[in-house]
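Trainee: If you read the protein sequences in the order shown, they are chains A and B.
If you're matching positions, the first sequence starts at 57 in the working numbering and goes up one per residue.
If you're matching positions, the second sequence starts at 12 in the working numbering and goes up one per residue.
Any given hint could be a false lead.
Said to hold, decoys possible - Between beta-carbon pairs, the in silico distance windows are: (1) 195/A to 193/B: 44 to 50 Å; (2) 373/A to 134/B: 51 to 57 Å; (3) 149/B to 139/A: 53 to 59 Å; (4) 145/B to 356/A: 36 to 42 Å; (5) 254/A to 281/B: 47 to 53 Å; (6) 329/A to 127/B: 25 to 31 Å; (7) 133/B to 254/A: 32 to 38 Å; (8) 234/A to 99/B: 36 to 42 Å; (9) 337/A to 269/B: 44 to 50 Å; (10) 269/B to 343/A: 37 to 43 Å; (11) 133/B to 66/A: 33 to 39 Å; (12) 146/A to 281/B: 20 to 26 Å.
Unchecked claim - Cβ-to-Cβ under 8 Å is the rule here; a few derived chain A residues that face chain B: (13) 128; (14) 129; (15) 158; (16) 164; (17) 170; (18) 176; (19) 203; (20) 236; (21) 240; (22) 241; (23) 295; (24) 347.
For the record, the hints were derived by calculation from the structure and aren't laboratory data.
Everything numeric in this text was worked out from a predicted model, so none of it was measured.
From the three backbone atoms N, C-alpha and C, an ideal C-beta is built for every residue, glycine too.
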Amino acid sequence: MGGRVLGGLLLAALAVVPLVPMAGMREYTLHVLVQIFIWSFIGGAWSLMGRFGLTSLGHGAFLGLGAYTTTLLWNFYGLTPWLGGVVAVALTGGLAVIVAYPCSRLAVVGHYFALVTLAVSEVVRLLIIAERDWTGGSLGLTVKAAGADSVLALQFADKRVFYYGSLLLWLAGLAVWSRVDRSMARSAMEAIGEDETAAASVGIRVTRFKVAITVLSAALTAVGGIAYAQYISYVNPDTLAGIGVSLRIVFAVVLGGMYSLLGPTVGTALTIALAEALRVVFGLKFIGMAETIYGLLLILFIIFLPAGIYGTGRQLVRRRPPAPAAG
Amino acid sequence: MIDPLFLAEAAVNGLLLGGVLALLALGLNLIFGVIDIVWIAYVDLVMICMYAVYFSVQVYGWPIWAGGLLSVALGVVLGLGVHLLIISPILTSAPVNQLLATGGLLFFLQSFATFLWTTDHRSVRLALPRLELFDMPISVARLIAFVLSIVAMLALYLFLTRTYIGTAIRAVSQDREAMALMGANPRRVYLVTSAVGGAMAGVAAALLIIQYAVHPFFGAAFGPITFMICVLGGLGNMVGAFVASFIMSEVIAVSGVLWSTEMGYVIAFVVFIVMIFARPGGILARRG
Chain A
57 MGGRVLGGLL LAALAVVPLV PMAGMREYTL HVLVQIFIWS FIGGAWSLMG RFGLTSLGHG
117 AFLGLGAYTT TLLWNFYGLT PWLGGVVAVA LTGGLAVIVA YPCSRLAVVG HYFALVTLAV
177 SEVVRLLIIA ERDWTGGSLG LTVKAAGADS VLALQFADKR VFYYGSLLLW LAGLAVWSRV
237 DRSMARSAME AIGEDETAAA SVGIRVTRFK VAITVLSAAL TAVGGIAYAQ YISYVNPDTL
297 AGIGVSLRIV FAVVLGGMYS LLGPTVGTAL TIALAEALRV VFGLKFIGMA ETIYGLLLIL
357 FIIFLPAGIY GTGRQLVRRR PPAPAAG
Chain B
12 MIDPLFLAEA AVNGLLLGGV LALLALGLNL IFGVIDIVWI AYVDLVMICM YAVYFSVQVY
72 GWPIWAGGLL SVALGVVLGL GVHLLIISPI LTSAPVNQLL ATGGLLFFLQ SFATFLWTTD
132 HRSVRLALPR LELFDMPISV ARLIAFVLSI VAMLALYLFL TRTYIGTAIR AVSQDREAMA
192 LMGANPRRVY LVTSAVGGAM AGVAAALLII QYAVHPFFGA AFGPITFMIC VLGGLGNMVG
252 AFVASFIMSE VIAVSGVLWS TEMGYVIAFV VFIVMIFARP GGILARRG
């Protein structure tokens, strides 16, 4: 029962964070935590596919499509992000089907799958840049201000609203992850990941499962993109689409460990904390230095901790002799 | 209505671009075919070599050929370095980790270049005569780059087919296990392959710097298209990559003139995705 108690305590601690007096640091702390929640949610969505050997470098496409659809609908037609979000998620799901269906029918797997999805994320990024009359091109687009706090526009001046919102989003992401983890689909997907032909021969519908998990992963990623756009109230093709962001998502997840519930969160929290720490240390003095160290550490982590930090930690804990009353 | 002359000019430019793209793709494809790892940071190594040519020629006043030789030497060193420091420790890890390790290298090189040399665009200016063909201005720099890249590719072809180690490299790319059973040393083959791949990066850098300005995000601009070409040609298939380079460069150049540069790349990527679905083994793969 230790895990459950620990989880409860962690949750209680997270729930009271905004109430702790932190003087001038509150805004900043909340800002970092909101980012960790949203990107962990996105990382979790990626790992739904990644853990079954579907290495997608195309999640930037889903992220960008989600964020831009909602923002454009709000800016140009005044459509509330709640409805715009539904449209965006539907579109992203459609894109996921367009990519995943032929890929699984034609057995495009491994490196090929990674590179096809990479092409998709570049297509979305370049389309955003090319349609600059609408999207502002590489300069990005500011989400039109509603004037005051508005539930309909999903805009709030108080960071605490976003804090609790993104905390709920993150928890929902974990719930989906463990739901998939406990379902029949997991066994089926694991079998497909091991050997597609063998899986098909025992009656697993390979295409159906692969398309379904891709659509689920893409839809959640779009939701994450919308949440991030609403929070930052600015969208940019380089931070929300293309290879850069796709690789960042994958890095965080692999760093944490993609086979465990909290792996993506641990990895995301670490990469964001690292990036923030380096940014604070170097500031504007040495432009690029923070990112240089970030890249170097990523290489070292991947060479020396291939199972991810959380995954390796769990292996170490599990290697101890089991307690008599297992729980 | 677009003047047919513009289209013809675009087609010629596409052809010239294709030569250099082919050079980039062949180096990457060689490494992929033999070591079975996609070096995501390959074009970023090219970017570092381009800086080497820029500094030696433009700042220290070396002749261009000396800068080119330096670039090739640096390419070899970088290729060996990447293999020994990053790839060999993770040769047996999951493919996603191998991909990501070189992805980390991409972040590292990009930001280190930003740190050292800022984001300024730098180019090497050569005093070259202007050339016109049927009223079309033709860039001599591009023409030279095209011819030299064809020469470099011929050299690679001869190396792979006429030397002992070249034959060993081709054998490994066909069947890894069998090659070890035949008594060839895969470690040595991997090292030579990485060095040759690096040398190709160095050659490409010297030929690219006389037509494009270098900046830290050069790899991000040319990287994706290079992977696409490798896949389109069939990973590890040299002739396929060569043909694919020209298809992609023509698509980019011609649709770039008809719409816009970004749309040129969008169309190239869409062509790539459709082609992968139509011919998963690459354009020259035999139907199984």
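Trainee: All the hints need checking, so say for each whether the structure fits it.
Mentor: Here's how the hints hold up against the structure:
About 58 Å separates the C-beta atoms of residue 195/A and residue 193/B, a value inconsistent with the hinted range of 44 to 50 Å. At roughly 55 Å, the beta-carbon separation of residue 373/A and residue 134/B lies within the given 51 to 57 Å, and the hint holds. Restraint check, residue 149/B to residue 139/A: a C-beta distance of roughly 54 Å satisfies the suggested window 53 to 59 Å. Checking the proposed 36 to 42 Å range against residue 145/B and residue 356/A shows it is violated: the Cβ atoms sit about 56 Å from each other.
Take residue 254/A and residue 281/B: their Cβ atoms lie about 34 Å apart, and the range 47 to 53 Å is violated. The beta-carbon spacing between residue 329/A and residue 127/B, approximately 26 Å, falls within the hinted interval of 25 to 31 Å. Distance hint check: the CB atoms of residue 133/B and residue 254/A are about 54 Å apart, inconsistent with the given range 32 to 38 Å. A beta carbon spacing of about 38 Å between residue 234/A and residue 99/B agrees with the range 36 to 42 Å that was offered as a hint.
Our hint of 44 to 50 Å for residue 337/A and residue 269/B holds, since their Cβ atoms are close to 49 Å apart. At about 38 Å, the beta-carbon gap between residue 269/B and residue 343/A stays in the expected band of 37 to 43 Å. Distance hint check for residue 133/B and residue 66/A: the Cβ-Cβ separation is about 50 Å, which falls outside the suggested range of 33 to 39 Å. Distance hint check for residue 146/A and residue 281/B: the Cβ-Cβ separation is about 22 Å, which falls inside the suggested range of 20 to 26 Å.
With a cut of 8 Å, the hint placing residue 128/A at the interface with chain B is violated, because the nearest CB-to-CB distance is about 18 Å. At about 22 Å, the closest approach between the beta carbon of residue 129/A and any beta carbon in chain B exceeds 8 Å, and the interface hint on this residue is violated. For residue 158/A, the suggested interface contact is upheld, since its CB lies about 5 Å from the closest CB of chain B, less than 8 Å. The beta carbon of residue 164/A is positioned within 8 Å of a beta carbon in chain B (closest approach about 6 Å), and the interface hint is therefore held.
For the restraint placing residue 170/A at the interface with chain B, the shortest Cβ-Cβ distance is roughly 7 Å, inside the 8 Å limit, so the hint holds. Satisfaction of the interface hint for residue 176/A is found here, the shortest Cβ-Cβ separation to chain B being roughly 7 Å, below the 8 Å cut-off. The interface hint given for residue 203/A is broken, as the beta carbon of that residue sits about 34 Å from the closest beta carbon of chain B, more than 8 Å. Hint status for residue 236/A: violated, given a least beta-carbon distance of 19 Å to chain B, over 8 Å.
At its closest, the beta carbon of residue 240/A sits 25 Å from a beta carbon of chain B; the interface hint therefore is violated under the 8 Å criterion. Against a cut-off of 8 Å between C-beta atoms, the interface hint on residue 241/A is violated, since the closest Cβ of chain B lies about 21 Å away. Contact between residue 295/A and chain B, as hinted, is not supported at the beta carbon level, the nearest pair being about 14 Å apart and thus beyond 8 Å. Because the beta carbon of residue 347/A sits about 3 Å from the nearest beta carbon in chain B, less than 8 Å, this interface hint is met.
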